[in-house]
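Chains as they are written, first to last, in my numbering: chain A, 3 to 115; chain B, 3 to 115.
Bear in mind the hints are in silico, worked out from the structure with no lab data behind them. Owing to the predicted nature of the structure, the values given are computational and were not obtained by experimental measurement. All C-beta atoms in this analysis are idealised placements derived from N, C-alpha and C, irrespective of residue type, glycine included. Please note: incorrect hints may appear among the correct ones.
Stated by the list, open to error - Computed far set for chain B versus chain A, every beta-carbon distance over 12 Å:
1) Met17
2) Gly18
3) Gln19
4) Arg24
5) Ser57
6) Asp65
7) Arg71
8) Pro72
9) Leu86
10) Glu87
11) Asp88
12) Gly107
13) Arg111
Stated by the list, open to error - Taking CB as the label site, the calculated pair distances span:
14) Ser5/A x Thr9/B: 27 to 37 Å
15) Gln13/B x Ser72/A: 38 to 48 Å
16) Ala19/A x Asp73/B: 11 to 21 Å
17) Phe53/A x Pro4/B: 16 to 26 Å
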Amino acid sequence: AQSVTQPDIHITVSEGASLELRCNYSYGATPYLFWYVQSPGQGLQLLLKYFSGDTLVQGIKGFEAEFKRSQSSFNLRKPSVHWSDAAEYFCAVPSLGNEKLTFGTGTRLTIIP
Amino acid sequence: EPEVTQTPSHQVTQMGQEVILRCVPISNHLYFYWYRQILGQKVEFLVSFYNNEISEKSEIFDDQFSVERPDGSNFTLKIRSTKLEDSAMYFCASSQTGDYGYTFGSGTRLTVV
Numbered sequence: 003a004q005s006v007t008q009p010d011i012h013i014t015v016s017e018g019a020s021l022e023l024r025c026n027y028s029y030g031a032t033p034y035l036f037w038y039v040q041s042p043g044q045g046l047q048l049l050l051k052y053f054s055g056d057t058l059v060q061g062i063k064g065f066e067a068e069f070k071r072s073q074s075s076f077n078l079r080k081p082s083v084h085w086s087d088a089a090e091y092f093c094a095v096p097s098l099g100n101e102k103l104t105f106g107t108g109t110r111l112t113i114i115p
Numbered sequence: 003e004p005e006v007t008q009t010p011s012h013q014v015t016q017m018g019q020e021v022i023l024r025c026v027p028i029s030n031h032l033y034f035y036w037y038r039q040i041l042g043q044k045v046e047f048l049v050s051f052y053n054n055e056i057s058e059k060s061e062i063f064d065d066q067f068s069v070e071r072p073d074g075s076n077f078t079l080k081i082r083s084t085k086l087e088d089s090a091m092y093f094c095a096s097s098q099t100g101d102y103g104y105t106f107g108s109g110t111r112l113t114v115v
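Between the sequences and the hints, there should be enough to build the whole structure, so can you do that?
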């Protein structure tokens, strides 16, 4: 079954520092991959998605992610985080042949001054 | 920017009672979804809905659950007889093309006591 693993439950980063959130996928074919963010009390907002083509994907809010087939990874990056980036981040992959998204367990990002 | 609107934001109900969670998807979207997130756990797919019928449902979506699009704007999730384990955040989502780039609502937190 298609799945994603987010190995980091909680990450703390200083404001202005760079960020990388890890996501590893298990998928039977070339995957579609997604990153969502959930701010406190908010819904899930799509940050970026990879369908095909350029393996470096640009998203909203200054985020990017790189698809690496050799490592089965789709890590999310940001060169300089802002306090407003504090949130929970979810990687997701669709199931083959149907419409549902399978989410990872999420990584909670805390920003310190 | 168009939004998916969910009401109420928080609902408390007694075990065994029926609840209806309401969603107003984006007006030109054709695909509708419900997901849920039990506290501390993954976001899980419940059901997808297209062309006035369920297109896919998960094993969670048993006979206690139903969905309806009673008019041209609302999309509802009904739980007939709530259980304690139904306590979760329920997210509605919609998509124009079904390509997984969902727009999620901010969720309804359901607490069953």
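Outcome of the hint check:
1. Met17: 26 Å, holds
2. Gly18: 29 Å, holds
3. Gln19: 25 Å, holds
4. Arg24: At roughly 15 Å from the nearest Cβ of chain A, Arg24/B sits farther out than 12 Å, so the non-interface label holds.
5. Ser57: 6 Å, violated
6. Asp65: Non-interface label stands for Asp65/B: nearest chain A Cβ at 19 Å, farther than 12 Å.
7. Arg71: About 16 Å separates Arg71/B from the closest Cβ of chain A, which puts it past 12 Å; holds.
8. Pro72: 22 Å, holds
9. Leu86: Holds: least Cβ distance 22 Å, greater than 12 Å.
10. Glu87: Given a closest Cβ separation of 19 Å, the condition holds.
11. Asp88: 19 Å, holds
12. Gly107: Answer for Gly107/B: violated, closest chain A Cβ roughly 5 Å.
13. Arg111: 9 Å, violated
14. Ser5/A x Thr9/B: 27 to 37 Å: The hint (27 to 37 Å, Cβ to Cβ) holds, given that Ser5/A and Thr9/B are roughly 33 Å apart.
15. Gln13/B x Ser72/A: 38 to 48 Å: 47 Å, holds
16. Ala19/A x Asp73/B: 11 to 21 Å: The hinted range 11 to 21 Å is violated for Ala19/A and Asp73/B, with Cβ atoms some 49 Å apart.
17. Phe53/A x Pro4/B: 16 to 26 Å: The hint (16 to 26 Å, Cβ to Cβ) holds, given that Phe53/A and Pro4/B are roughly 22 Å apart.
In terms of the numbered hints stated before, the structure departs from hints 5, 12, 13, 16, listed from lowest to highest.
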